[in-house]
Structures are given as C-alpha cells and as structure tokens.
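S.K.: Here is how the chains run, residue by residue.
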Amino acid sequence: MRPLNPAVVACPPSGIRRFFDIAASMEDVISLGVGEPDYATPWRIREAGIYALESGITTYTSNAGLLELREAICADLDRRHGLSYQPADECLITAGVSEGLDLALRALLAPGEEVLIPEPCYVAYGPCVSLAGGTPVTVATGGVDGFRLHADRIADAVTPRTKAILLSSPANPTGAVQAREDLAAVVELAVQHDLYLISDEIYERLSYLSPHVCVAALPGALERTILLSGFSKAYAMTGWRVGYLCAPAPISELACRIHQYTMLCASHMSQLAALEALRSGEADANEMIADYDRRRRIFVKGLCEIGLDCPEPGGAFYAFPSISSTGLTSQDFAERLLYDEHVAVVPGDVFGASGEGYVRCCYATALSELEEALVRIERFLGKLPAAPAAH
Amino acid sequence: MREIIDILQTDGHATPERIATMTGLDADSVRDQIATWEQEKIIRRYKAVVDLDRMREITGIEVITALIDVSVSPERGVGFDDVAARISQFPEVRSVYLVSGAQDLRCVVTGRSMHDVADFVAQKLATISRVTATATHFVLKTYKDDGELLIGATEDHRLRVAP
Chain W
7 MRPLNPAVVA
17 CPPSGIRRFF
27 DIAASMEDVI
37 SLGVGEPDYA
47 TPWRIREAGI
57 YALESGITTY
67 TSNAGLLELR
77 EAICADLDRR
87 HGLSYQPADE
97 CLITAGVSEG
107 LDLALRALLA
117 PGEEVLIPEP
127 CYVAYGPCVS
137 LAGGTPVTVA
147 TGGVDGFRLH
157 ADRIADAVTP
167 RTKAILLSSP
177 ANPTGAVQAR
187 EDLAAVVELA
197 VQHDLYLISD
207 EIYERLSYLS
217 PHVCVAALPG
227 ALERTILLSG
237 FSKAYAMTGW
247 RVGYLCAPAP
257 ISELACRIHQ
267 YTMLCASHMS
277 QLAALEALRS
287 GEADANEMIA
297 DYDRRRRIFV
307 KGLCEIGLDC
317 PEPGGAFYAF
327 PSISSTGLTS
337 QDFAERLLYD
347 EHVAVVPGDV
357 FGASGEGYVR
367 CCYATALSEL
377 EEALVRIERF
387 LGKLPAAPAA
397 H
Chain B
200 MREIIDILQT
210 DGHATPERIA
220 TMTGLDADSV
230 RDQIATWEQE
240 KIIRRYKAVV
250 DLDRMREITG
260 IEVITALIDV
270 SVSPERGVGF
280 DDVAARISQF
290 PEVRSVYLVS
300 GAQDLRCVVT
310 GRSMHDVADF
320 VAQKLATISR
330 VTATATHFVL
340 KTYKDDGELL
350 IGATEDHRLR
360 VAP
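Here the protein sequences line up with chains W and B, keeping their order. Position 274 (the first sequence) corresponds to 280 in the numbering used here; numbering is contiguous. Position 49 (the second sequence) corresponds to 248 in the numbering used here; numbering is contiguous.
Treat the hints as calculated values from the structure; they're not laboratory data. Where hints are given, some of them may not hold.
[Said to hold, decoys possible] Chain W side only, calculated, beta carbon under 7 Å to chain B, not exhaustive:
1. 29
2. 30
3. 39
4. 42
5. 129
6. 300
7. 303
No experiment lies behind these values; they were computed from the predicted model shown. Even glycine gets a Cβ: it sits at the ideal position worked out from N, Cα and C.
The whole structure should be built from the sequences, with the hints applied where relevant.
M.R.: Below, the structure is given as structure tokens:
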C-alpha cells in the first residue's frame with residue numbers, strides 16, 4: 007500500500023488517550039480528567055431542541071447559520087463587549103470552537119507560516135496548525151507568575167514567517183485569566199508585526215475574579231482578530247457542537263467558504279437550542295457559573311492544604327497544581343494516582359512541555375467527589391517517599 | 200449575603216467555614232449572619248429532602264401524602280385565619296395555604312396509610328366548625344419535591360478523560 011498523508015502521520019496521537027483507556031477499565035474512579043460541565047444542558051434549552059425535532063426542523067440551514075442566531079450572537083457581543091460585528095457577513099456559526107479554529111487557521115495560513123502559541127495550551131492547537139499546513143511555535147509560560155503572558159517573550163519568537171498568535175483566556179488547562187494590560191501588549195505586538203490574532207474565548211463566561219477581557223475589543227485588535235467562542239461551557243452544551251467565529255468580513259467570508267465545502271452548516275436543531283440559550287438561558291448559566299466558582303474555591307484551598315502548590319485559577323473549571331514537590335513526572339504522577347487511588351487527572355505535559363510538573367484537575371464534579379478525591383490524593387502523597395529538596 | 204442562603208438551601212449541612220471558602224466571605228461574618236437569620240426566624244430549621252417513594256421501595260416504610268382542599272365560611276374580623284390556625288396545629292398537617300380558586304385552604308397532610316389520612320379528615324378536619332367541605336387528593340407518585348428532581352437518570356455520561 008502507498009503511504010498515507012505524511013502530515014497526518016506526523017501528527018502525534020493525543021496524549022490523554024492512554025489515560026482514558028486505563029480509567030475506562032476501572033471501577034470506583036473519581037475522574038478529575040473531564041473537560042466539560044457536570045450539568046446536563048438546562049432544561050429550557052433542551053426543550054427548545056426537542057421542540058425543533060418534533061416540529062420536523064431537521065434540514066440544513068444557510069452555510070453561515072441561522073441569521074436569527076447570528077443576530078443574537080452579535081447583539082450579545084455588543085452588549086457585553088461593545089463589539090459591533092455585522093450578523094450578515096462577520097459572524098459564522100460553526101460546529102463548536104474546534105471547527106472554528108480549524109477554519110480560522112486554514113483561512114489564514116499559507117504553507118510553512120508560523121503561529122505563535124503560548125503554552126501550556128489546549129491539546130488541539132499545535133496539531134490544528136500543522137494540519138492547516140502551518141508551523142506551530144510554542145512560547146512557554148510558567149506557574150511562578152500564574153501562567154502570565156509576556157509580550158516580550160512572544161516577540162522573541164517572531165520571525166518573518168510568523169502569521170498569527172493564538173490566544174486563549176481563560177485557558178484550558180491552567181485556568182489562567184490574562185490581565186487586560188498583558189493582552190493589550192500582545193495586541194500591540196501583533197499590530198507592530200502585522201500579525202493576526204486568533205482568540206479562543208470559549209471559557210469567557212467562566213471568569214471568576216474579574217470581568218472578561220475580549221481580545222477583539224482591545225484597541226487596534228478588531229481588524230486583525232478572529233474571535234472564537236460558543237455555547238459548550240457556559241450553557242453546558244458540549245455535545246450539541248455549536249459555536250461561532252466572528253471576524254472582519256474578508257476573513258469571515260473565507261472561513262465560510264471552507265465551511266460550506268467541508269461542514270455545509272452547523273446542526274440546525276443545535277442552532278435553535280443555542281438561540282434559546284441566548285434568549286432565556288442567562289439565569290441558568292449564572293447559576294452554574296456561581297456553582298463552579300464555589301467548587302473552585304473549595305478545591306483549590308483543598309489542594310493547597312494537602313501540600314500541592316496551585317496557582318489560583320481565575321477562570322474555566324480547571325485547577326493546575328504543581329506536583330514538582332513529589333519528584334515525579336506528571337505522567338508518572340497521573341498514572342500512579344490512577345492505579346493506586348483511582349483518581350483520574352490529566353498529566354500536564356500533554357498540554358506542552360511547559361506543562362510538565364503539573365496536572366490538570368477539573369473541578370466540575372460533585373462537591374462530595376471533589377472532597378473524596380482530595381482525601382485520596384492526600385493519602386497518595388503520604389505514601390510517596392520524600393522527594394529530594396528542590397534547590 | 201444572598202449566596203449564603205442559596206448554599207444553605209441546597210446543603211443545610213454546609214458549615215460557616217465551608218460557606219466562607221465558597222464565597223470568599225469571612226467565616227465569622229457568615230456565622231454571625233446565619234445566627235442573625237436564625238434569631239429573626241428567617242431560617243426556621245434545617246431538614247432533609249426525602250424521596251418517600253424510594254424509601255417505601257427500599258425500606259418498606261410508607262408515608263402517605265394527601266393534598267386536601269378545605270372550604271371554610273369566613274367570619275367577620277378573622278376571615279379564614281382562626282380556622283387555618285386550628286388546622287395548622289395538627290402535627291400530621293405539613294403545610295397550610297390560603298389559596299385563590301374554588302376552595303379556600305389547601306393543606307398537605309401525611310399519614311402512615313390512606314386510612315390514617317382519611318380518618319384524620321373525617322374525625323378532625325371536617326368537624327371543625329365553619330369547615331363546609333373537604334376534597335382529598337392522595338399523592339400517587341412524586342416527580343419533584345422542594346426543587347429536587349426525583350425522577351430521571353442522574354448518570355454521568357461524560358468521558359472520564361477528555362482534552
């Protein structure tokens with residue numbers, strides 16, 4: 007047989023697969039390895055989806071998605087961030103941010119062009135850049151200052167081939183929320199080098215300590231920013247696969263051209279459910295967000311009390327504690343914790359080299375489970391031989 | 200402050216320390232606030248929400264619940280209040296509301312058997328002076344109680360490990 011596509015063959019399989027397989031084969035597992043809300047979609051939104059199905063709304067929509075939904079999204083972005091995207095040609099409904107990211111990268115990148123990605127970051131960023139024909143260039147951030155973005159370090163990685171910077175605040179896996187001035191400095195850098203900005207803001211509503219800073223709304227950013235967001239996290243709608251891409255018309259239209267040939271449109275009933283989410287899901291979303299925040303505080307405090315240093319996550323629903331005091335690699339830590347105490351966490355190195363020494367714990371899980379997980383992790387730590395003191 | 204009530208209404212066991220961690224408030228002010236509400240009788244007591252159908256299935260212990268509509272002829276000066284107060288005194292009466300509609304009072308009554316409840320209505324309720332009629336509705340199945348959904352799967356469908 008002739009060889010398959012070398013670009014895909016070169017793409018490493020996701021590092022979490024192995025843990026998924028082990029965890030799936032075990033009983034009595036407390037999983038902090040998930041990446042989605044523990045809530046089902048609020049009933050009024052599910053009911054809108056059911057009504058759509060009952061009414062026989064099972065057809066395609068226009069490529070860009072239901073105009074009503076695009077109008078509602080643009081109005082929502084205007085209300086919350088003062089952005090004035092045009093529903094007609096600057097907003098595209100995608101099958102989640104995952105598709106939006108792929109469209110954005112394919113619309114922007116010529117072969118070999120580089121995308122700067124602060125890491126630790128979501129596992130798909132690098133591979134999506136590669137699959138779009140580009141070259142991912144990661145820029146490390148560290149737990150010492152809460153995974154803060156440093157524009158000067160990003161600037162050091164700029165080359166003549168650099169095309170875009172991929173940002174994500176609040177971030178998976180760190181839960182880090184970037185300060186306005188740090189994001190503004192990155193925007194300034196992008197202006198200076200004429201780079202595009204792709205901003206994945208899927209966790210924007212899950213910002214607990216300060217109001218969300220939308221990258222597109224920063225001075226100078228709008229014309230060069232592709233804003234990606236969606237309904238998965240704030241409205242607990244991960245399985246509906248519905249998100250959006252907003253960008254200036256020339257970019258948005260190009261993204262829509264790829265989308266029309268590859269996806270045609272996002273699921274019709276999911277779009278109607280998303281519309282209901284925007285119309286009447288606010289109270290449900292706020293209630294869930296308040297609940298994540300309470301669990302965040304309990305869990306992060308608990309991690310610190312059992313001796314795992316954890317930078318305070320200001321957003322998303324992840325804690326990213328350092329496990330360097332144990333002397334174990336994050337892979338070893340996660341594997342032994344899973345085998346010994348049946349607690350699943352995700353080793354930090356799957357999110358990039360600078361994630362080594364950390365593990366990702368999702369606290370979108372029942373409080374009683376979180377407390378039991380803390381008991382088990384503490385017991386696990388107690389059984390480890392004392393690590394050599396750090397220098 | 201509203202958040203303290205929200206948390207306690209979901210989990211009456213939540214300690215002031217835990218509520219303080221959850222909300223970022225100071226533990227002493229949470230404790231003081233709860234104590235004030237208890238003194239002011241805003242918080243009346245802490246109780247468990249029990250799935251009675253499940254209790255019957257698993258333990259065999261039966262608690263019958265009935266909604267009883269009571270018609271009362273009102274009296275000048277007191278309206279329905281004196282009769283409602285009388286009915287409220289019975290421990291088997293869990294709740295009493297003055298309602299709009301065809302009847303005047305709606306009561307929630309529990310007992311060990313239908314017979315128990317029927318007996319209570321016949322002997323105690325219907326005989327109160329100025330009670331002109333009663334209509335008893337036995338609860339056959341409870342789907343949701345006090346904000347708690349008692350039916351449907353609560354299974355976790357999520358992948359155990361996901362990016």
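S.K.: Does each hint hold? Answer for all of them.
M.R.: Evaluated hints:
For residue 29 of chain W, the suggested interface contact is upheld, since its CB lies about 4 Å from the closest CB of chain B, less than 7 Å. A hinted interface residue such as residue 30 of chain W counts as satisfied when its beta carbon comes closer than 7 Å to some beta carbon of chain B; here the least separation is about 6 Å, so the hint holds. Here the hint on residue 39 of chain W is kept, as its CB sits about 4 Å from the closest CB of chain B, short of 7 Å. Of the supplied interface hints, the one on residue 42 of chain W holds, with its beta-carbon coming within about 6 Å of a beta-carbon of chain B, less than 7 Å.
The interface hint given for residue 129 of chain W is met, as the beta carbon of that residue sits about 4 Å from the closest beta carbon of chain B, less than 7 Å. For residue 300 of chain W, the shortest C-beta to C-beta distance to chain B is roughly 4 Å, which falls under 7 Å, so the interface hint holds. A least Cβ separation of about 5 Å between residue 303 of chain W and chain B falls short of the 7 Å threshold, and the interface hint therefore holds.
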